[in-house]
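**Student:** Protein chains in written order, with this note's numbering: chain A, 276 to 498; chain B, 34 to 364; chain C, 277 to 396; chain D, 922 to 1472.
Source of the hints: derived by calculation from the structure; they are not laboratory data. Beta carbons: idealized from backbone N, C-alpha and C, even for Gly. Among these hints, one or two may not hold up.
Residues on chain D that point at chain A, a partial pick, calculated with CB under 7 Å [as the list claims (entries may be wrong)]:
{"id": "1", "residue": "R1040"}
{"id": "2", "residue": "I1143"}
{"id": "3", "residue": "L1144"}
{"id": "4", "residue": "L1171"}
{"id": "5", "residue": "L1416"}
{"id": "6", "residue": "L1419"}
{"id": "7", "residue": "R1423"}
So the derived label-pair ranges between C-beta atoms look like this [unchecked claim]:
{"id": "8", "chain 1": "D", "residue 1": "N1459", "chain 2": "C", "residue 2": "L354", "range": "40 to 46 Å"}
{"id": "9", "chain 1": "C", "residue 1": "V344", "chain 2": "B", "residue 2": "M112", "range": "54 to 60 Å"}
{"id": "10", "chain 1": "B", "residue 1": "R316", "chain 2": "D", "residue 2": "L1416", "range": "54 to 60 Å"}
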Amino acid sequence: MSAVIREPSDVAPAPYVAHHFDDAEQQFEASTLGMWIFLATEVLFFGGALSAFAYYYWQNADAFEAASNHLDLVAGTINTAVLLSSSLSMVLAVHAAQTAGRGRQIFWLLVTFALGAAFLGIKTYEYAHKFHEGLVPGPFFRYAGPNAPQHEMFISFYFALTGLHALHMIIGLGIMGTLTVLSWRGWFSPAYFTPVEVSGLYWHFVDIVWIFLFPLLYLLGRH
Amino acid sequence: MIQSLPLLPRAASTIAGNVDALFSYILGVSLFFATLIAVLIVVFAIRYRRRPGRELAPSSAGNLPLEIGWMVVPLAIAMTMFVWGASVFVAMRSPPDNSLQVYVVGRRWMWKVQHVEGKREIDSLHVPVGRPVKLTMTSEDVIHSFYIPAFRLKQDAVPGRYTILWFEATKAGRYHLFCAEYCGTQHSRMIGDIVALEPAEYQAWLAGESAPGAGTVSMVDAGQDLFNQLGCATCHKMDGEGRGPILAGVPGSHVALANGATVVADDSYLRESILDPQAKVTRGFQPIMPTYKGLVSEDQLLQLIEYIKSLQPPARVAQAAQGAQPAAARE
Amino acid sequence: MTAHVTSPRTYVFVFVALIALTALTVTAAQIDLGWMNAVVALAIATLKAFLVVTFFMGLRFSSFVSRVWLLAAVAFVLLLLGGSLDDLFTRHTATYLPYEQMDGAVPGIGLDGLPTRPAH
Amino acid sequence: MAVTAFDSRPDPSVTFGAVHPGTNYLNANYGVRSWLFTKDHKRIAILYLVTITIMFAVGGLAALAIRLELLTPAGDLVGDDTYNKLFTLHGVVMVFFFLIPAIPAVLGNFALPLMIGARDLAFPRLNLLSWYVFVVAALFTTYAMLTGGVDTGWTFYTPYSTEASNTNVTTAGLGIFISGFSSILTGLNFLVTIHRMRAPGMTWTRLPLFAWGLYATSIIFILGTPVIAITVLLVALERTLHLGIFDPALGGDPILFQHLFWFYSHPAVYIMILPAMGVTSELITCFSRNKIFGYHFIAASSVAIALLGFLVWGHHMFVSGQSVHASLVFSFLSFFVAIPSAVKVFNWTATLYKGSITFETPMLYALGFIGLFTIGGLTGLFLAAIGVDVHVHDTYFIVAHFHYIMVGATLMGYLGGLHYWFPKITGRMYPENLARVAAFLVFIGFNLTFFPQFVLGYLGMPRRYHVYPDEFQVLNVLSTAGASILGVGYLLPFLYFLWAFRYGAFASANPWHSSGLEWTTPSPPPTENFDVTPVVTNDPYEYPAYVPPRK
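Bound-form chain A, shown alone (with noise of 0.2 Å):
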């Protein structure tokens, strides 16, 4: 194979461009890619878990909607617009990025930490709320009436799905806090957005969990 020589770019790359690509865009669209394929990831990761619910729940539906009942449908309904509050912000951070300085990117991916804080201090109250009343599972679980040992089942779901949403939201604020800095550094500007872009869609991700998470956890004992 003949390698034809390509001749040596003369413009040198931006200072954020990495050694080994090319140029911005490239490092863009593989940062992106990246990002989504990571995602690919964390869907089955989810996916994994709901489709044990679901096998489960299909034998034992009574019993999972009765036991959903449980759970404190306010603060879940407060909790979905929290979440989704937050994504609005993310979305006008990456939206400050790509156009405005650093006030207005600060100021969002401050109310996002803020709005991903408050989510996760709903769902503090919330475990709390669990903790006392023993609807905890193991050794302290406490339910007299029928089916309890579905309801633990339920309640086991509950807190792995949850627990690892937050875990998650734990990430993500991480996330927000470093980007937080870097915006105050001085990183981002309209040409060089990337790392705001791609948190944001993990961000958002995290928020389509929740989005399953509410219905299949919350709502379907309602009826």
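Since the structure of chain A is provided, determine the placement of chains B, C and D on it from the hints.
**Tutor:** Structure of chains B, C and D alone, referenced to chain A:
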């Protein structure tokens, strides 16, 4: 040693012939293709090896009809294997209505068999030749798998549900029973015998004494002899004055252990306590009992357990009965 | 650098739609639709996820490969779900019972012991 | 164009033991820090090579102990629990810490950017991170093994793993969970690299077949690994936090665990074999000096195997209590995997036709791969046919089958690739004759070890058996004898590679006269791989045209 090298297992059930025929068919196809590939590679390797003076010419880099051919032909052959395999499998999973019902419970690490007539067996199963037998199985702990190589049959025994296996033995004899699903420490010792008997012998066996092969001595009597012979009675005294706990009433009861836990004194516990006495020491007693591993056979163990189960404490019958109740798994 | 800048007005519209769909799904859950309740809830959730993916995550501007991978991921979850549910739906021959209920459920079967479980 | 066959042996004019001139990735900088903080894919490949070699030694020693124990029917060497921990150690270490990362993380990491004309993988820092994650996972698992071991088998079946086992299941499970991230990051990196980092002119139909194999493998890394991750995580949470997902007392279904487990673990076999197939494609065409036969079909069959691999997991569950309907569907689908596998074997064989074949060590391994893979693949037919599988499931027939595929074939590919790229990795040649001896030892030893196990399995000897009936002894003795030959065969390359790294003759840029892009840059390559970005103008494997005329 060479005489004991068989290449095919014995075949002793109605389905075994079908399985072997299917096996032979796939083996034949496999041998054909393996030989074809091997011969082609060897011939090409010799014929087209690098030699001085041989011209190096580009050969064809592909051939569509050939590619389609070696996709379609193997697929067609594979489909015959699927249909045959599926039909054998459906037969394996369709017990006839006139099957003899037997119940099997797997537990670590034994097979407990119970015949409808009330006869019980452990790690063996007596069946009549020429009559379909349907096993309904479950497990008390983890997954086990009831495997009879001579019958070419296997089915997992799964905790929490029933699974079914049926067969019809064609030849009288004694066949291996293996647990094929890994189930912990003594998985490889969870084996037994399938004893296929002629119908008349089977009826005689069914009417005979409780312990298979025990002759006129019942398991309880044999167990009592062993109990005295091994010196168990020196410590496990009936009056509570010995260095070991009173054994009467223990089977089936909840035993509080030295480590604070509680166990249900089932057969496995009794067995473990004889073979590995330090594992679960009853609360209030010293871990001084020696192991009887290697000193008692599996049969003798069962006789001992049977004997221990037969012990009746005069004043504690009620308590023992209460302890033997199936307690809920979670309190 | 490829920047597909979408106007904030679009984002706000999508956000409002998402909130409205949340209200709708909470309302629909209160009405007894039988087995359709779960279907409706999942359909609304899927629509919401579609809005987020398309607008907030900008899938409409992203590469063909990204879309293929996203679809593949969803398809593989459905595959896992479908394969395991197919097994579950067609177990005609096996009765599924919790272990505790099995004792005595079939004449002749005696379970004289219990699973040894670590103390919970 | 017809040219005379060509002597491919290394250039004898290079001096033995002298210092290689020029700066390359190995001598660009020195010191521990320059390795532990490297972002160079070639150095990370070597870090992986060292790590998985250690893990291979650990798993291999366990295998040795298992085979020694099985010399006699009685359990006389080790106790029951020790034996169970040994095969679990062997399985967990070999599957998750050797076979899965072996070819992708070592050979793929090293060769992929070179083969497609990139300066590095798309995410070099992520690449280093994935090695660190891998080391942490390996340490976790090793810790679990050292502090009492695990006795569940590598399959971690519930309820045994959640309820019954009193061993370090949680720690080992977390180790596997963490190693999953390493796999995912590696797969992600490969996918993005192949999509976005190809040199100008490197179109999809010019992509080397090893890169196609890595792409197919990465599909499974991305779509399969997360499912095993969540599954072992749920098992670990069940043991520690008392979640009740698989608990039979709550109505938990052990079969569900098996669905989730095999959804990943069946494709995981293809994680091991697909890159080995890619390596074999490279080797067969290179040492036949013949354009690969049916390039498009070999490339497409890799992706087909990766995708079909996700449709067949239920064939591990024919006797588990899975419904008859589901078993029939999974059996039907399983047979389709045979087609792309057959396509590959036929195309490799056809590539030899009218070639100019030489038998250097990599070629011996490639031919050995075809042999072992053919046997392993054909015995897969027995297992897809449910009627036979019911008999041989969980017997030594299965053990033999998956060792032929996962170990025999994969290690043939791995060792073949290691010999093939050794000159590129180190700039030195390995001792050819000794290497050929080792290749024969591996092939003979492997067959002697595992072929008797097919017979054992059909006779009915179940797997994971510590003690076994006397009639199985002869075949077990044969198997153990084979294992000792195999052990020597695996030890030899380790020793002469170490020797050759220091004392081997210098290699030219292209000692095999291969057509690949990686051979256009010096051996060893500079840190940036290519001084100028190559532009590809030809199809791959333009062999007769490429081979220089004989002297």
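**Student:** Does each hint hold? Answer for all of them.
**Tutor:** Each hint tested on the structure:
1. R1040: holds (4 Å)
2. I1143: holds (5 Å)
3. L1144: With a minimum Cβ separation of about 6 Å from chain A (threshold 7 Å), the hint on L1144/D holds.
4. L1171: Since the shortest Cβ distance to chain A is 4 Å, the answer is holds.
5. L1416: violated (35 Å)
6. L1419: With a minimum Cβ separation of about 31 Å from chain A (threshold 7 Å), the hint on L1419/D is violated.
7. R1423: violated (30 Å)
8. N1459/D x L354/C: 40 to 46 Å: holds (42 Å)
9. V344/C x M112/B: 54 to 60 Å: violated (31 Å)
10. R316/B x L1416/D: 54 to 60 Å: holds (58 Å)
Hint compliance for this structure: hints 5, 6, 7 and 9 are not met, and every other hint is.
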